[in-house]
Amino acid sequence: MIRLGRTLRAEHLKLKGSLALWLAAIAPLVVVVIQFVIVLDRGGAFLDSTSSPWLWFGRQTIIFWSFLMLPLFITLETALIAGLEHSGNNWKHLFVQPVPRGTIYTAKLASGMVLIAISQLMLFLYILLSGWLLGILKPELGFDAAPPAGDILGYAAITYVSSWLLISLHTYV
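Numbering (my numbering), first residue to last: 1 to 173.
Everything labelled a hint here was simulated from the structure, so no lab data went into it.
Cβ atoms here follow ideal geometry from the backbone N, Cα and C, with glycine treated the same way.
Among these hints, one or two may not hold up.
Unchecked claim - Derived CB-CB ranges, DEER-like:
#, residue 1, residue 2, range
1, 2, 41, 20 to 28 Å
2, 38, 100, 22 to 30 Å
3, 168, 3, 16 to 24 Å
4, 51, 164, 27 to 35 Å
5, 150, 6, 31 to 39 Å
6, 67, 129, 19 to 27 Å
7, 30, 105, 26 to 34 Å
8, 42, 16, 36 to 44 Å
9, 145, 14, 39 to 47 Å
Could you build the full structure based on these sequences and the hints that come with them?
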């Protein structure tokens, strides 16, 4: 367990300020901005039939994120995590260390899961922020009510848990 803690700290130091960490915050923003522009432009046509515009907006954004962006994002994140060792051919040096290979894999897997969790949390926060902005810019859409944050966070959590298999497969590869 001590070796795993040390390996996790080493992964944390390698990820600080890396592109992988920045992408965890920026990639969800792209999806939310696209959905924001769609609702801002043609929101009345979509939101007339729904009971809660917040729930519709949150669900549609998470669906868009889950099907189009998340699989590619997981691939990119795990490649960037592994790429830290590929850049200087450091895998040989890493596997010579007195740490079991399983510990290295577990630390890489945990790093990938944390990065995807950060992206899911940022997606949730961006959904709330963009819904608030929609309420200000177009009050007739109905975003002035309190957001169902628990429901939207639940959808994001379900998406995160369902992505674990993909994260582990890409980390292994």
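These are the hints, each one checked on the structure:
1. 2 <-> 41: 20 to 28 Å: Given a distance of about 55 Å, which is not inside 20 to 28 Å, the answer is violated.
2. 38 <-> 100: 22 to 30 Å: Violated: the Cβ-Cβ distance is about 49 Å, outside 22 to 30 Å.
3. 168 <-> 3: 16 to 24 Å: Hint holds: Cβ distance 20 Å, inside 16 to 24 Å.
4. 51 <-> 164: 27 to 35 Å: 32 Å, holds
5. 150 <-> 6: 31 to 39 Å: 37 Å, holds
6. 67 <-> 129: 19 to 27 Å: 22 Å, holds
7. 30 <-> 105: 26 to 34 Å: 30 Å, holds
8. 42 <-> 16: 36 to 44 Å: At 41 Å between Cβs, range holds.
9. 145 <-> 14: 39 to 47 Å: 44 Å, holds
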